[in-house]
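Assemble the complex: chain A is given as a structure, and chains B and C must be docked to it using the hints.
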Amino acid sequence: MTALSRLATVLGVVALIGVLPWLSGRSPELSVLRARSAEQEATPEALAAVRAELGLDAGPLGLLGHWVSGLFRGDLGTSWISGGPVGPGLVEALGVSVTLMTCALVVALVTATLLCLPVLRRVGRGRPGRTGGVAGAALTALPEFLLASVLLLVGAVWLGWFAPYGWTGPASAVLPALAMGLPAGGLIGRLVADGLAVTATERWVTTWQVAGASTGQVARALVRRTLPALTTQVALVLVGLTGGAVAVEQVFAIPGLGRAVLGAAESQDLPTLQAGMLLLLGVSAVFGGLAALTRALLLGRALRTGSVPVPAPVSTTRRRDWLLPGAMAALLLAVVAAGLGRDPLTSAHPRLATPSLALPFGADASGRDLLARVAHGAVQTVGTAALVVVATLVVGVLVGLLSRASVGPVEVANAAPPVIVGVLVAAALGTSQAGAALAVALVSWAPIAAYVAAASEEVRRQRHVTVLPVLGLGPAAVTWRYVVPAVLPAAARNAVLRLPGIALALAALGFLGLGPTPPQPEWGLLLAEGMPYVERAPWAVLAPTGALVLTAVLAVSLSGLSWRRAPRPAPVTEHPLPVG
Amino acid sequence: MTMITATPDGAEALSLVGLSVRLGGVPVLRDVHLTVGATERVALIGASGSGKSLTAGAVLGVLPAGAELSGRVLVGGVDVTGVHPVRRPAAGRVATVGQDPAAALNPLVPVGAQLALPLRHRGLRGRELDRERAGLLASVGLTDARVLHSAPGELSGGQRQRVCIAMALASRAGLLVADEPTTALDLVTQAQVVTVLREGTRGSGLLFITHDLSVAAALCDRAVVLHHGAVVEDAPVARLLSAPQHEQTAALVAAARAGTLPVGAPA
Amino acid sequence: MSAPVTLVATGLERRYPLPRHRPWQQREAVPALRGVDLHVAPGERVGLVGTSGSGKSTLLRCLLGLESPDAGTVTVAGRPVRPGTTASLRWYRRLVQYVPQDPAGSLDPRATVRELVTVPLRALQVPGDHEAAVSTALARVGLDPELAGRRPGELSGGQAQRVALARALAPGPALLLADEPVSGLDLPVRDQVVAVLTELSTTQGLGLLLVSHDLAVVARLCDRTVVLGDGLVVEDRPTTELLTRPRHPLTRELVAAVPTLPA
Numbered sequence: 007m008t009a010l011s012r013l014a015t016v017l018g019v020v021a022l023i024g025v026l027p028w029l030s031g032r033s034p035e036l037s038v039l040r041a042r043s044a045e046q047e048a049t050p051e052a053l054a055a056v057r058a059e060l061g062l063d064a065g066p067l068g069l070l071g072h073w074v075s076g077l078f079r080g081d082l083g084t085s086w087i088s089g090g091p092v093g094p095g096l097v098e099a100l101g102v103s104v105t106l107m108t109c110a111l112v113v114a115l116v117t118a119t120l121l122c123l124p125v126l127r128r129v130g131r132g133r134p135g136r137t138g139g140v141a142g143a144a145l146t147a148l149p150e151f152l153l154a155s156v157l158l159l160v161g162a163v164w165l166g167w168f169a170p171y172g173w174t175g176p177a178s179a180v181l182p183a184l185a186m187g188l189p190a191g192g193l194i195g196r197l198v199a200d201g202l203a204v205t206a207t208e209r210w211v212t213t214w215q216v217a218g219a220s221t222g223q224v225a226r227a228l229v230r231r232t233l234p235a236l237t238t239q240v241a242l243v244l245v246g247l248t249g250g251a252v253a254v255e256q257v258f259a260i261p262g263l264g265r266a267v268l269g270a271a272e273s274q275d276l277p278t279l280q281a282g283m284l285l286l287l288g289v290s291a292v293f294g295g296l297a298a299l300t301r302a303l304l305l306g307r308a309l310r311t312g313s314v315p316v317p318a319p320v321s322t323t324r325r326r327d328w329l330l331p332g333a334m335a336a337l338l339l340a341v342v343a344a345g346l347g348r349d350p351l352t353s354a355h356p357r358l359a360t361p362s363l364a365l366p367f368g369a370d371a372s373g374r375d376l377l378a379r380v381a382h383g384a385v386q387t388v389g390t391a392a393l394v395v396v397a398t399l400v401v402g403v404l405v406g407l408l409s410r411a412s413v414g415p416v417e418v419a420n421a422a423p424p425v426i427v428g429v430l431v432a433a434a435l436g437t438s439q440a441g442a443a444l445a446v447a448l449v450s451w452a453p454i455a456a457y458v459a460a461a462s463e464e465v466r467r468q469r470h471v472t473v474l475p476v477l478g479l480g481p482a483a484v485t486w487r488y489v490v491p492a493v494l495p496a497a498a499r500n501a502v503l504r505l506p507g508i509a510l511a512l513a514a515l516g517f518l519g520l521g522p523t524p525p526q527p528e529w530g531l532l533l534a535e536g537m538p539y540v541e542r543a544p545w546a547v548l549a550p551t552g553a554l555v556l557t558a559v560l561a562v563s564l565s566g567l568s569w570r571r572a573p574r575p576a577p578v579t580e581h582p583l584p585v586g
Numbered sequence: 016m017t018m019i020t021a022t023p024d025g026a027e028a029l030s031l032v033g034l035s036v037r038l039g040g041v042p043v044l045r046d047v048h049l050t051v052g053a054t055e056r057v058a059l060i061g062a063s064g065s066g067k068s069l070t071a072g073a074v075l076g077v078l079p080a081g082a083e084l085s086g087r088v089l090v091g092g093v094d095v096t097g098v099h100p101v102r103r104p105a106a107g108r109v110a111t112v113g114q115d116p117a118a119a120l121n122p123l124v125p126v127g128a129q130l131a132l133p134l135r136h137r138g139l140r141g142r143e144l145d146r147e148r149a150g151l152l153a154s155v156g157l158t159d160a161r162v163l164h165s166a167p168g169e170l171s172g173g174q175r176q177r178v179c180i181a182m183a184l185a186s187r188a189g190l191l192v193a194d195e196p197t198t199a200l201d202l203v204t205q206a207q208v209v210t211v212l213r214e215g216t217r218g219s220g221l222l223f224i225t226h227d228l229s230v231a232a233a234l235c236d237r238a239v240v241l242h243h244g245a246v247v248e249d250a251p252v253a254r255l256l257s258a259p260q261h262e263q264t265a266a267l268v269a270a271a272r273a274g275t276l277p278v279g280a281p282a
Numbered sequence: 137m138s139a140p141v142t143l144v145a146t147g148l149e150r151r152y153p154l155p156r157h158r159p160w161q162q163r164e165a166v167p168a169l170r171g172v173d174l175h176v177a178p179g180e181r182v183g184l185v186g187t188s189g190s191g192k193s194t195l196l197r198c199l200l201g202l203e204s205p206d207a208g209t210v211t212v213a214g215r216p217v218r219p220g221t222t223a224s225l226r227w228y229r230r231l232v233q234y235v236p237q238d239p240a241g242s243l244d245p246r247a248t249v250r251e252l253v254t255v256p257l258r259a260l261q262v263p264g265d266h267e268a269a270v271s272t273a274l275a276r277v278g279l280d281p282e283l284a285g286r287r288p289g290e291l292s293g294g295q296a297q298r299v300a301l302a303r304a305l306a307p308g309p310a311l312l313l314a315d316e317p318v319s320g321l322d323l324p325v326r327d328q329v330v331a332v333l334t335e336l337s338t339t340q341g342l343g344l345l346l347v348s349h350d351l352a353v354v355a356r357l358c359d360r361t362v363v364l365g366d367g368l369v370v371e372d373r374p375t376t377e378l379l380t381r382p383r384h385p386l387t388r389e390l391v392a393a394v395p396t397l398p399a
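As given, the protein sequences belong to chains A, B and C, one line each in that order. Reading the first sequence from the start, the letters are residues 7 to 586 in this note's numbering. Reading the second sequence from the start, the letters are residues 16 to 282 in this note's numbering. Reading the third sequence from the start, the letters are residues 137 to 399 in this note's numbering.
Isolated chain A, as found in the complex (with noise of 0.2 Å):
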C-alpha cells in the first residue's frame, strides 16, 4: 500500500512535469520559428508544422506520450528559446551542479560532527543533559539565499578574497558550498545532536557504563542507534540542497542546473525546465536512496526483526524558550509600527540616500523609503504566510487523518523544496505573489499531516482508546470524538509555529523573481533590487537582510518549540494508598 502510494506520486510528478507546456497554455511556435530562422516567413503552415513537431496539439496526453518517448531515446527536448537540443547544456551544468553539492555536503557533514562531538563528550564524562545548540540554531537560522549575499558581501566584496561571480576554478566552489552547507550542517547537527542527547537517557548506556564499556564503544552505539530514526529527516534536508542549489547558483551566477532551470522559468522555455526538473528529481532520488541505503546498514539485523528504534518524546519546553523568540517577535513588530504611515511607493526621497532621521533606513535606488518598504513588506509578506498557514492547517489534518494512502503525497511534498515548487508554478501560472503562494502551499502541508498522522496514531495506542471498540464506539466515532480533539490545538499550534518559515520562504521565491513583480514591497524583492548596489549602499540590503534574519531567528527558535511530538493525556496523579 505504502510503496503504490509512493509510486503513484513519483510518476504522477514526472507526468505534471510532462504536461507543463499544455498546463502553460503558451504558443511558442513563433519564437522557435524565429529562433531556427529569421528569414522564414510566419505563415500559418509554418507555424502549424512547428506545432506538430512539438507535440503541441495532441492535448495533454499526446504531449505527455510524445515528451517520454523522446526521453526513451535520449531526447530531452528542443529549446523554445534557441530551438536546439536542451540536452548537451544541461548534462553539463548537472555536473557543475554535482561538484559544488559534493563540496556543499562535505561542509555540512563536518559541521554536523563538530556538533555532535560536546553531546557525545559530555555523555562519556557522566554529564549528559539538555543540548544547547546555540551554534547549531544560529547556522540553521539563515537560509540559503539569504546567507549566500551575506557570503558574497563580506567574502567576495569587503574581504575581496574570492571571486564574487563565475565558475572558473577550485575557489568559486568555497562561498557557495558553505552558504549551501553551513544552514545544511548546522540543522543535519542539530537532529542528530537533539537525538543522541535523548538516546543517552536510555537505560542500556547506564547498563553499559556500569559494564565497564569505553567512551569510545558508548559513542558508537549511541551513534548507530540515533541515526536510523533520523535518517528520513536528513534525507530531506539532503534533498533541501537542490532548492539551495537554486537560489546560490543564482546569487553567485554559476553556470549549474538551478540557475539554468531559474533562467528557463524566467523566460518560459519550457522544455528546458522540463528536463531540468527531472534531472533535479534524479538527484533527490539519489539522495533518498543513499539515505534509505545508510539506515539499512545500520540497523542490520534490527531491521528484519522489527525491533526498530523509535526516536524517544524530546523533552518539554521550558518558559525561556520562549525569550529569545518573543524578543525577535517584538523587534519586528516595533519596525512594522514605526513605517506602517509612511509611503513605501512614492520616489520622494534622493536615490540610494543615506540613513537619516527622518529616513532611518535610507531611500533605495528609485529614492523610496526602505523603512516604509520593509515595514509594508512585512505586513505583504506575513499576511500572505497567514493565509498559508490556513490553508496548510485545513488540508494537513485532513489528509494526516487519512489512511496509509497518503503516505506518497506527504513524503513527496515534504521533501519538494519549495524553491523548485515555485519555479514549476512560474513557469505553468506565471510569476504573482498568489503563485508563490500556492506554491509554499504546496509543500508546507505534508509537515502538519505528517504530525498528524504519528499524533493520532499515538493517541489511538493509548489504552482509553483501544478499549473503545468493546464499548460499541465505531471507527468514524472513535476519530472525530477522541483522536481530533486530541490532536487539533497541538496540530493548530504547530502550523502556527511555522509561518515565519513560510513567509521565509515566500521571500525566497521573492528573492529569486517567482514571486510578486516590482514595485510591490516584498521582503525577498527589497533584498534582490538592493543587491546591484551593496557596494555603493550597503543599507539598501542591510534594512530587508535585518528584517529576513529577524524573521529567520523567530523562525528557528519557534520550530525548536514546535518539535514536541504527540500530546499526551493529563497523567494521573498517585494518590497514597488507603492502608488496611
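Be aware that a few hints might be false.
[Said to hold, decoys possible] Coverage of chain B stretches by chain A, computed from C-beta distances (three or more under 8 Å per stretch; other residues unrestricted):
#1 100-111
#2 114-123
#3 215-223
[To be verified] Beta-carbon label-pair distances, calculated as ranges:
#4 B:G39 x A:R467: 28 to 36 Å
#5 C:S292 x A:L404: 36 to 44 Å
#6 C:H384 x A:A460: 43 to 51 Å
#7 B:A153 x A:P491: 50 to 58 Å
#8 B:S257 x C:D372: 33 to 41 Å
#9 B:R217 x A:A483: 53 to 61 Å
#10 C:G264 x A:T485: 23 to 31 Å
#11 C:E164 x A:G80: 40 to 48 Å
#12 C:D372 x B:G141: 52 to 60 Å
For the record, the hints were derived by calculation from the structure and aren't laboratory data. Note that CB positions come from ideal geometry on N, CA and C, so glycine has one too.
Chains B and C alone, transformed into the frame defined by chain A:
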C-alpha cells in the same frame, strides 16, 4: 556457578547514611539509613511512589537532573554520593538489573557482544572470554548457543531479564541493585528469575527492590519498608511477616497473603 | 442485567504471519491457537491460565469479536459472534462486556466518572434511563454516587479501578471477560479489584471468564480453571481439584510458581 567476589576488608556492600533527596524542591526521600552486608540480601519494599526507585538511582549514581542530594552513599566503603557510574572507582561500582529488560539492553547489538563488554573490561580475551561468557549464560539457565547471536528483540522477556542478570554478574561488583526485576514477568518466569538471583549473589550484597513482599520473602534475609520516602521498618523478613510493627508493613503483609493460594497446594 | 447466557467456542484456530525478510519469500506463520474448545455456562466463573505466549490474549480477542479465527466458531446464547460492523455486534456487547488489564488505565483522563460510564450506554443504544443506569452501576461496585462528577486523576487507585468495572457493568451484561485485570497493580489496589469481582460474580450472579497468569487470583474467583499451553487446552477441571492434584506438567509449574509465605 559464577560468583561475585565479596568486597575487600569485609566492608559493608552498601550503606546509606541519612540520605535525603529533593526533586524540584519537594522532598522525596527523607533521612534514609540502610545497610547491606558484604554477602547479605536485603529487600527494599514499598508501594509505588514511596521512593524505592529513587533510592536505587541514588545508589547507582543516575538520579534525574535537578535532584538535590544530601547524606552519604557508601559502596564497598567508598563514598560515591552523587557520583555518576563513569566517574566511580572500581570498588564503588554497582551492578544493576532493572524492571524493563527490553530497555536495559541495546536493541541493535547482539547479546553476546553486550555480554563481552564487562568481561573485556576485566581483561579477558579470546578463548578465555568465550568460556567465561558461556559459563555466565549457563549460570542463568541460558544454554542455547543461539542466544549469543540474537538481538535482544528476538528473546522473550524472561530470557532478556536473565541476560541482564548475567551482565550484572559479569562485572563482579560487590553489590547488585535489582529494581523490580520480576514485576513485568509472569509468575513461572518470576520464580525462575528469583532462583537465578539467589544463586548468583551468594558471594555479594543484593539490594532487591519490590512492592511484592512475597517475592522478597522468597529471596531476602532482611527487609526495609519505605513509606512516603522514609524508612518505617527494618527487620528480618520472618519477623516482618509474623509481627509487623508499622501499619504500612501490615498492609503489605495482608496484601501478600491475599496473593497466595487459599487452599493448601502441594509445593 | 441481562438473563444469564452460555458462551461456546469450538475448534478455534489462529495463526499469525511473520514479517517476510525478503519480498519474494514465503510468509511463515506462528500458530497462536491450535483448536481450542471453551464453554462458559450461564452464571459460571471460569479461569483461563497460562504463561505469556500461551495464546490467552489471542483467544480473548477472538471471543470479543475483535479478531476473526482462521477456523472454529464462537457463539453466545446460540448466536454466532464474528467481527463485523459496530451495529452488527451491539447485541453482543450488551450481553458480554470486557475488563482490560489495569482497568483504571483505560479511563479517558479528561472525562468525568459520569461521562465515562455513560459511553457504552450511548454507543450500544441501551434503552432506558441512562442516568439511573449510571447510578446502579456505581452502586454495584460500591462507589459513592458523589464521585460521579470527578475525573480519574481525582480518584484513588482503587476508586478508579472500580469506575472501570462500573463502565463494563453499565450496559447490564450477563458475562464479563477480564484480561489480566490485576497484573501490574500494586497489591492493595489489586485486592480491591478482586474483592469487587468476587462480589459481582458470587452474590450478583454475573458470569466471569478471567484470564490470568496468576493461579492465586483465579483460585479466589473461579469454580473451574482452564489451562492453556502453546495454543491448546491442556487441562480443564474444577479449580480446587486442579490445585490439589495438577495432572499436566505445565499446571504443576503454574501451581508451584504461586508465592508461598511462612505463617
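A quick look at each hint next to the structure:
Only residues whose beta carbon comes within less than 8 Å of a beta carbon in chain A count, and the stretch 100-111 of chain B has 7; three or more means the coverage holds. Coverage of the stretch 114-123 of chain B by chain A holds in this model, with 7 residues showing a Cβ closer than 8 Å to a Cβ of that chain against a need of three. Figure legend: the stretch 215-223 of chain B, annotated as covered by chain A; annotation inconsistent (0 residues with Cβ-Cβ distances under 8 Å, at least 3 required). For B:G39 and A:R467, the Cβ-Cβ distance of about 29 Å falls inside the hinted range of 28 to 36 Å, so the restraint holds.
Taking 36 to 44 Å as the suggested C-beta distance range, the pair C:S292 and A:L404 conforms, at roughly 42 Å. The beta-carbon spacing between C:H384 and A:A460, approximately 46 Å, falls within the hinted interval of 43 to 51 Å. In this structure, B:A153 and A:P491 meet the distance hint of 50 to 58 Å, their C-beta atoms being roughly 55 Å apart. Checking the proposed 33 to 41 Å range against B:S257 and C:D372 shows it holds: the Cβ atoms sit about 39 Å from each other.
A hinted range of 53 to 61 Å for the beta carbons of B:R217 and A:A483 is consistent with their spacing of about 59 Å. Restraint check, C:G264 to A:T485: a C-beta distance of roughly 28 Å satisfies the suggested window 23 to 31 Å. Between C:E164 and A:G80, the C-beta spacing of about 45 Å keeps the proposed range 40 to 48 Å intact. Separated by about 54 Å at the C-beta atoms, C:D372 and B:G141 satisfy the suggested range of 52 to 60 Å.
In summary, the one numbered hint that this structure violates is 3.
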